[in-house]
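In case you want the letters, here they are:
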Amino acid sequence: GAVVSQHPSWVICKSGTSVKIECRSLDFQATTMFWYRQFPKQSLMLMATSNEGSKATYEQGVEKDKFLINHASLTLSTLTVTSAHPEDSSFYICSATRENEKLFFGSGTQLSVL
Amino acid sequence: DAKTTQPTSMDCAEGRAANLPCNHSTISGNEYVYWYRQIHSQGPQYIIHGLKNNETNEMASLIITEDRKSSTLILPHATLRDTAVYYCIVRGRAAGNKLTFGGGTRVLVKP
Chain G
1 GAVVSQHPSW VICKSGTSVK IECRSLDFQA TTMFWYRQFP KQSLMLMATS NEGSKATYEQ
61 GVEKDKFLIN HASLTLSTLT VTSAHPEDSS FYICSATREN EKLFFGSGTQ LSVL
Chain C
115 DAKTTQPTSM DCAEGRAANL PCNHSTISGN EYVYWYRQIH SQGPQYIIHG LKNNETNEMA
175 SLIITEDRKS STLILPHATL RDTAVYYCIV RGRAAGNKLT FGGGTRVLVK P
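These protein sequence lines are chains G and C, in that order.
As numbered in the numbering used here, the first sequence has no gaps in its residue numbers, which increase by one up to the final residue, 114.
As numbered in the numbering used here, the second sequence has no gaps in its residue numbers, which increase by one up to the final residue, 225.
The shape of chain G in the complex, shown without the other chains:
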């Protein structure tokens, strides 16, 4: 099956700093990428949908200025958590798909903000 690579797997940062997470589709060109967030013992929550070359569409309640998404190419999307605070600590997961295909997920990034 298609492979989606997410990096880093885990990151620890100080409060107030920014963190960038990369999501790459390794063997296919992704029409659309999605970013999810998951808190302990909870389900995945969709944060935003991004298409290559256009602005991301954010879900209600997700701050677009805090969670910057860049989808620069058909194989790369990045999520930047700006001015991170402890409440942003979570498991972030990306997924990628192409037209009429299922979604493939990355392995996730555990973010801990001190």
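Note that these hints are calculated values from the structure, not bench results.
Computed from a predicted model, the values in this text were never measured in an experiment.
Wrong hints could be hidden among the right ones.
Unchecked claim - Computed Cβ-Cβ distance ranges for the label pairs, DEER-style:
id, chain 1, residue 1, chain 2, residue 2, range
1, C, Arg130, G, Glu52, 41 to 49 Å
2, C, Pro190, G, Lys64, 19 to 27 Å
3, G, Ser54, C, Thr179, 16 to 24 Å
4, C, Gly217, G, Thr57, 18 to 26 Å
5, C, Leu194, G, Leu68, 36 to 44 Å
Stated by the list, open to error - To give a feel for the contact side, a few chain G residues facing chain C, derived at Cβ under 7 Å:
id, residue
6, Thr32
7, Leu44
8, Leu46
9, Ile93
10, Lys102
11, Phe105
12, Gly106
13, Gly108
Think of the CB as a built atom: it goes at the ideal place given N, C-alpha and C, for glycine as much as any other residue.
Since the structure of chain G is provided, determine the placement of chain C on it from the hints.
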């Protein structure tokens, strides 16, 4: 996307078949039923999907009722590595269509 209803949790015995039910009574005609699972601290893994016919692959079988209002995922011979949270999701096929996760079923396979 249509909402789905799944049991919160279930146990099954290693080596036996595991039958995971899902209700999706508001599914529309162009929405597919997808099943994913998530093992602790990993990204979701695709299992199977279908529209109206039953489907089978190397991982599982998917049985969809004729009225499409419910489905059952069958793991034919559960192993300890099948312990995970299983999500039943309905979604249209277009790339921009979201995959919205509900609570899923926490499956514990016991020796």
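Checked hints:
Under the hint 41 to 49 Å, the C-beta atoms of C:Arg130 and G:Glu52, about 45 Å apart, fit the expected range. The given range of 19 to 27 Å is broken by C:Pro190 and G:Lys64, whose C-beta atoms sit roughly 45 Å from each other. Range check, G:Ser54 to C:Thr179: Cβ separation about 39 Å, and the 16 to 24 Å hint is violated. For the hinted restraint 18 to 26 Å between C:Gly217 and G:Thr57, the CB-CB distance of approximately 24 Å keeps it satisfied.
A hinted range of 36 to 44 Å holds for the C-beta pair C:Leu194 and G:Leu68, which are about 41 Å apart. A cut of 7 Å between beta carbons decides the hint on G:Thr32: the least distance to chain C is about 4 Å, and the hint holds. Using the Cβ-Cβ criterion of 7 Å, the hint placing G:Leu44 at the interface with chain C is satisfied: the shortest such distance is roughly 4 Å. Below 7 Å, beta-carbon pairs count as interface contacts, and G:Leu46 has one with chain C at about 6 Å; its hint therefore holds.
Checking G:Ile93 against chain C by beta carbon gives a least distance of about 5 Å; that is within 7 Å, so the hint holds. Here the hint on G:Lys102 is kept, as its CB sits about 5 Å from the closest CB of chain C, short of 7 Å. A least Cβ separation of about 4 Å between G:Phe105 and chain C falls short of the 7 Å threshold, and the interface hint therefore holds. At a threshold of 7 Å, the smallest CB-CB gap from G:Gly106 to chain C is about 5 Å, leaving the interface hint in force.
Interface restraint check: G:Gly108 against chain C, minimum CB-CB distance 5 Å, threshold 7 Å, status holds.
The structure does not agree with the numbered hints 2, 3 stated previously, though it agrees with the rest.
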